[in-house]
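Asker: Read top to bottom, the protein sequences are chains W and P.
Quick note: the first sequence uses the numbering used here, first residue 1, plus one each step.
Quick note: the second sequence uses the numbering used here, first residue 494, plus one each step.
Honestly, I wouldn't trust all of these hints.
Using 20 Å as the maximum straight-line C-alpha spacing, the simulated SDA-like pairs for lysine to any residue come out as follows [stated by the list, open to error]: (1) Lys136(W) to Gln160(W); (2) Lys547(P) to Lys136(W); (3) Lys152(W) to Pro141(W); (4) Lys547(P) to Ala451(W); (5) Lys547(P) to Asp472(W); (6) Lys547(P) to Asn452(W).
Cβ-Cβ distance ranges computed for the label pairs, FRET-style [what the hints assert, rightly or not]: (7) Gly517(P) to Pro66(W): 46 to 54 Å; (8) Thr312(W) to Gly588(P): 31 to 39 Å; (9) Ser28(W) to Gly588(P): 40 to 48 Å; (10) Gly265(W) to Gly588(P): 24 to 32 Å; (11) Pro596(P) to Thr25(W): 56 to 64 Å; (12) Ala32(W) to Gly588(P): 30 to 38 Å; (13) Asp57(W) to Gly517(P): 51 to 59 Å.
Please keep in mind that the hints were generated in silico from the structure rather than gathered at the bench.
Each residue gets a CB set at the ideal place from its N, CA and C atoms; glycine is no exception.
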Amino acid sequence: MEAQPSYWKDYGKPESGSVVVDVPTLESILDADNQERAAPLRKRGDYQPEPRLITYDRYTDPKYVPLEVEHIWNKQWQVACREEDIPNVGDRVSYDVVNNSFMVVRTSPTEIKAFYNSCRHRARKLCSGPTKSHGKDIRCPFHGWVYDLDGKLEWIPLAQEFPHVDAQHNSLVPVKVATWGGNVFINPDPNAAPLEESLGILVDHYKNYPIEERYTAMRILIKVRCNWKAAQEAFMEGYHVVETHADGMPMFGSAATQVDVWSAGKGFVSRLCTPGMTTDVYIADRVTPREGLMLYCHAQELPLPPEGRGLTPVDARRYAAEAKRATLEAQTGRDFSREPVSYFIDMAKYFMFPNHHPWWGEGLPWWYNFTPIGDNPDHSMMEIRVLLPIPADGQRPPVPEPIELDFDEKGADRPELGAMGHIIDQDLANMLAVQQGFKAAAPGTAYMTLANNHEAKIRHFHEVYDRLLGLDADEAAAPVAAPKPKRAARKRA
Amino acid sequence: MSDVPPLAAAAIAEGEGVAVEIRGRAIFVCRSGGRLYAVSNRCTHAGSRLDGGKVCDGVVACPLHGAKFQLSTGECLSRRLNYASLKTFPVREEGGRVHVDVP
Numbered sequence: 001m002e003a004q005p006s007y008w009k010d011y012g013k014p015e016s017g018s019v020v021v022d023v024p025t026l027e028s029i030l031d032a033d034n035q036e037r038a039a040p041l042r043k044r045g046d047y048q049p050e051p052r053l054i055t056y057d058r059y060t061d062p063k064y065v066p067l068e069v070e071h072i073w074n075k076q077w078q079v080a081c082r083e084e085d086i087p088n089v090g091d092r093v094s095y096d097v098v099n100n101s102f103m104v105v106r107t108s109p110t111e112i113k114a115f116y117n118s119c120r121h122r123a124r125k126l127c128s129g130p131t132k133s134h135g136k137d138i139r140c141p142f143h144g145w146v147y148d149l150d151g152k153l154e155w156i157p158l159a160q161e162f163p164h165v166d167a168q169h170n171s172l173v174p175v176k177v178a179t180w181g182g183n184v185f186i187n188p189d190p191n192a193a194p195l196e197e198s199l200g201i202l203v204d205h206y207k208n209y210p211i212e213e214r215y216t217a218m219r220i221l222i223k224v225r226c227n228w229k230a231a232q233e234a235f236m237e238g239y240h241v242v243e244t245h246a247d248g249m250p251m252f253g254s255a256a257t258q259v260d261v262w263s264a265g266k267g268f269v270s271r272l273c274t275p276g277m278t279t280d281v282y283i284a285d286r287v288t289p290r291e292g293l294m295l296y297c298h299a300q301e302l303p304l305p306p307e308g309r310g311l312t313p314v315d316a317r318r319y320a321a322e323a324k325r326a327t328l329e330a331q332t333g334r335d336f337s338r339e340p341v342s343y344f345i346d347m348a349k350y351f352m353f354p355n356h357h358p359w360w361g362e363g364l365p366w367w368y369n370f371t372p373i374g375d376n377p378d379h380s381m382m383e384i385r386v387l388l389p390i391p392a393d394g395q396r397p398p399v400p401e402p403i404e405l406d407f408d409e410k411g412a413d414r415p416e417l418g419a420m421g422h423i424i425d426q427d428l429a430n431m432l433a434v435q436q437g438f439k440a441a442a443p444g445t446a447y448m449t450l451a452n453n454h455e456a457k458i459r460h461f462h463e464v465y466d467r468l469l470g471l472d473a474d475e476a477a478a479p480v481a482a483p484k485p486k487r488a489a490r491k492r493a
Numbered sequence: 494m495s496d497v498p499p500l501a502a503a504a505i506a507e508g509e510g511v512a513v514e515i516r517g518r519a520i521f522v523c524r525s526g527g528r529l530y531a532v533s534n535r536c537t538h539a540g541s542r543l544d545g546g547k548v549c550d551g552v553v554a555c556p557l558h559g560a561k562f563q564l565s566t567g568e569c570l571s572r573r574l575n576y577a578s579l580k581t582f583p584v585r586e587e588g589g590r591v592h593v594d595v596p
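Using the sequences provided together with the hints, build the complete structure.
Answerer: Dropping the structure here:
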């Protein structure tokens, strides 16, 4: 199998020394689309995070792991699975993060519960793995203690040996569960505020684009030799595209990536959107819109444009959107005629603290989640799902077995990943080398230097992270009380 | 001492600052709480210019990594890394002009 399909061509990279000015904005591209229905991308963020010192030790030093457990994994709403992972009563999966593990169980057609995944007898985990297992009750495989689906201790073998054990004191310990967008969130903090507060603007932005009406068409679990924060930060800007995915420049307008951050109090949410089927400004003089469109159609497995289409940037976007729409309508029987061009091709990814990345639209209809594996700060799990609209008949296809990539495996070696394997490998190579680079920095230079706008999402993440972990106190961020204008100073003036 | 080039005081509004060069030295002149300040325009952390940084409550924050400095003394408030202080220069407003004393 050819690792690199022939339509990926070398268009070169931005030349060293070149400068781009008057970079188009997503807004100007959407204006040129001239669409009646506004995408949520028109709703802009209201917050600009301030510059801050982000040192590399937080990605490598084990001392941060227990702090993250205490202040993030034990306190924040986090995605444990999708509802469709456990479609039938009695289905369960385990959600593991650092050394926490929770069992998420469907207890009725409309209810899901979650428990600490540890038997009350001698602690054995009651289920394991991110793919479902099933039972009419919860039975410990070690000694056979049985709990009902609601976690209540029902039966223990040789009960006369345990005269002091009863269901009131020895049932499974539940954690909070809430769902949104077909995602099952858990929160181990019994005093946690409702999920909606953490979702913030997501509720409004997805109101007309319900993710619960999408199904998992592909699920990929990738073990990465990289800290979970650095792993997700590889996807928190579009700035890497021109170098890392240079062969995609004819169809990714990464320089025009729009970054939005929303202020605290509405959830810790941010978003980036890279216009799709927009030739990057760095190579727009070398590649025609039609050439970009040809690559786009190949990569997205869409019918190639007939002659005369895609001659202008606007028409290239329009053709790509039309082709995507026709394909989707044929696949699903649903009507997408109301959706703007942007919905079909632009690549908008939201972020919800601490680790959830839902995409919007059909441009890249994905879903990411990043979790640390165990307490090793160098290991994390990247979960990717392709979420497609469920067909008009409402029949939700079953969740496929996940494609699992172990440490150091390549996506290109897995033909079932299609064009995604190629892109995944480009990103994975960076993650590994970044984690190594953190430890290789020269003394006194072990800190990030971030772009003002393109990398504002990363800055925002660490603003929240520092605050939750109490790291701001060390930095003495609180300004000293404003000195009153002194008389002496006034006299001098 | 030097006050070349003289700056129009009105050009520096509250919470704003400008980069100037006086006797070959890069100086950052800004206004906070109504008062003018002049400090060396080179962050002691990574050498960034300070113009473009936030000026508020008598403090300037470096626009690159956010190190904070007390404008009156130049002292770095980011204690974790204990950066050196900024140099400070006497500054006065006279006849609608700003004068900075650079030795």
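Asker: Out of the numbered hints, which ones does the structure contradict?
Answerer: Hint check: 1, 2, 8, 10, 11, 12 and 13 fail, others pass.
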